[in-house]
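For reference, each letter of the sequence shown is one residue, going 813 to 1014 in the working numbering.
These aren't lab readings, by the way, just hints derived from the structure by calculation. Certain hints may be false.
[Unchecked claim] Subject to a maximum C-alpha distance of 27 Å in a straight line, what follows is the list of computed BS3-like cross-link-like pairs (lysine-lysine): (1) Lys867 with Lys995; (2) Lys824 with Lys840; (3) Lys851 with Lys824; (4) Lys960 with Lys946; (5) Lys867 with Lys961; (6) Lys814 with Lys948; (7) Lys851 with Lys840; (8) Lys879 with Lys867; (9) Lys960 with Lys867; (10) Lys995 with Lys814; (11) Lys960 with Lys986; (12) Lys824 with Lys986; (13) Lys814 with Lys851; (14) Lys824 with Lys961; (15) Lys960 with Lys995; (16) Lys986 with Lys948; (17) Lys851 with Lys948; (18) Lys995 with Lys879; (19) Lys867 with Lys946; (20) Lys840 with Lys986; (21) Lys961 with Lys986; (22) Lys961 with Lys814; (23) Lys867 with Lys851; (24) Lys824 with Lys995; (25) Lys814 with Lys960; (26) Lys948 with Lys961; (27) Lys851 with Lys946; (28) Lys851 with Lys995; (29) Lys960 with Lys824; (30) Lys995 with Lys946; (31) Lys948 with Lys867; (32) Lys946 with Lys961; (33) Lys824 with Lys879; (34) Lys986 with Lys867; (35) Lys851 with Lys879.
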Amino acid sequence: MKLIFGLGNPGKRFEETRHNIGFRIIDKLAELLYIDVRKRAHASLFGQGNVEGEKVILAKPLAYMNKSGHAVSSFLCYYRVLPEDLLVIYDDADLEVGCLRIRSRGGAGGHRGIESIISCLGREDFPRLRIGIKGKGRDSRLADYVLKKFDEEERIIVDRVVAEAAEAVQCLIKEGVANAMNKYNRSNRRNDKTQNPNDLGF
């Protein structure tokens, strides 16, 4: 079983904000995989499906970003999902809009949602998919910036990366983290000046 957890903040006022791109990718996956993400449990909205014989749960927390860890921990315990079978999707303000990066483990990098998950799980060795949200106005205070919406030009790029991220998640489910890293981290690495060799799977 794979648990795919998209991070964001609940409520209409946060819809379409940079911080909620994890929710958008879960919604895209739900559309592509015909999974209804409307059940409520473990402080989340979630749905279950199947990808080539692999059971998959798509989930979005109903708690705010800095409480995400409680929801993730509850799912892992209830369904007995191993950390290596978890994938967390979230925004990264240090990556340019249009970039995505898959990693098999790592620190929080200042992201409150990931900090919460690491704190609740007591470990960093779980896969994650970071989506770049850095664009115009990035020099503003981070807490304010992540709650801004994408401008018209950025929205075109975001639509593309959401679709690509959904493909990357399906690749990860079918072929594993290493193959997904090698395929999707390389496809957009030229746009990332903060490239980490670990992101390439070497």
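So, going through the hints one by one against the coordinates:
Between Lys867 and Lys995 the CA atoms are separated by roughly 23 Å; this keeps the pair inside 27 Å, and the hint holds. Between Lys824 and Lys840 the alpha-carbon distance is near 18 Å, which keeps this suggested pair within the 27 Å criterion. A distance of roughly 18 Å separates the Cα atoms of Lys851 and Lys824; the hinted pair therefore holds under the 27 Å criterion. Between the alpha carbons of Lys960 and Lys946 the distance comes to roughly 11 Å, so the proposed pair stays at or under 27 Å and holds.
For the given pair, Lys867 sits about 33 Å from Lys961 by alpha-carbon distance, which is inconsistent with the 27 Å threshold. The suggested pairing of Lys814 with Lys948 is violated, with an alpha-carbon distance near 35 Å, which exceeds 27 Å. Between Lys851 and Lys840, the direct Cα distance comes to roughly 17 Å. Compliance with the 27 Å bound is thereby established for this hinted pair. Of the supplied pair hints, the one linking Lys879 and Lys867 holds, its CA atoms being roughly 26 Å apart against a limit of 27 Å.
The suggested pairing of Lys960 with Lys867 is violated, with an alpha-carbon distance near 35 Å, which exceeds 27 Å. Taking the CA atoms of Lys995 and Lys814, the gap is about 20 Å. The hint holds against a cut of 27 Å. Taken as a hint, the Lys960 and Lys986 pair is broken in the structure, with Cα atoms around 34 Å apart against an allowance of 27 Å. Restraint check for Lys824 and Lys986: not satisfied, since their Cα atoms lie roughly 33 Å apart, outside the 27 Å limit.
Pair hint Lys814 plus Lys851 holds up; C-alpha atoms about 17 Å apart against a cutoff of 27 Å. A hinted pair counts as satisfied when its Cα atoms are at most 27 Å apart, and Lys824 with Lys961 qualifies at roughly 13 Å. Proximity of Lys960 to Lys995 is assessed by CA-CA distance (about 30 Å); at most 27 Å being required, the pair is judged violated. About 36 Å separates the Cα atoms of Lys986 and Lys948, which puts this hinted pair outside 27 Å; it is violated.
Between Lys851 and Lys948 the CA atoms are separated by roughly 36 Å; this puts the pair beyond 27 Å, and the hint is violated. Proximity of Lys995 to Lys879 is assessed by CA-CA distance (about 32 Å); at most 27 Å being required, the pair is judged violated. About 34 Å separates the Cα atoms of Lys867 and Lys946, which puts this hinted pair outside 27 Å; it is violated. Distance restraint check for Lys840 and Lys986: the Cα-Cα separation of roughly 17 Å lies within the 27 Å cut-off, and the hinted pair is therefore satisfied.
For the suggested pair Lys961 and Lys986, the alpha carbons sit about 33 Å apart, so the restraint of at most 27 Å is broken. For the hint linking Lys961 to Lys814, the alpha-carbon distance of about 30 Å lies beyond 27 Å, and the restraint is violated. Note on Lys867 and Lys851: the hinted pairing holds, with a Cα-Cα distance of about 16 Å set against a maximum of 27 Å. For the proposed pair Lys824 and Lys995, the alpha carbon gap of about 35 Å is over 27 Å, so the pair is violated.
With a CA separation close to 31 Å, the supplied pair Lys814 and Lys960 exceeds the 27 Å bound. Straight-line distance between C-alpha atoms of Lys948 and Lys961 comes to about 11 Å, which keeps the hinted pair within the 27 Å bound. For the hint pairing Lys851 with Lys946, the CA-to-CA distance comes to about 32 Å; that exceeds 27 Å, so the pair is violated. A distance of roughly 33 Å separates the Cα atoms of Lys851 and Lys995; the hinted pair therefore is violated under the 27 Å criterion.
For the hint pairing Lys960 with Lys824, the CA-to-CA distance comes to about 13 Å; that is within 27 Å, so the pair holds. With a CA separation close to 22 Å, the supplied pair Lys995 and Lys946 stays within the 27 Å bound. The straight-line distance between the Cα atoms of Lys948 and Lys867 is roughly 39 Å, outside the 27 Å bound, and the hint therefore fails. Distance check on the hinted pair: Lys946 and Lys961 sit about 12 Å apart at the alpha-carbon level, within 27 Å; holds.
In summary, the hint linking Lys824 to Lys879 is supported, as the alpha carbons are separated by about 18 Å, within the 27 Å threshold. Taken as a hint, the Lys986 and Lys867 pair is honoured in the structure, with Cα atoms around 11 Å apart against an allowance of 27 Å. In summary, the hint linking Lys851 to Lys879 is supported, as the alpha carbons are separated by about 19 Å, within the 27 Å threshold.
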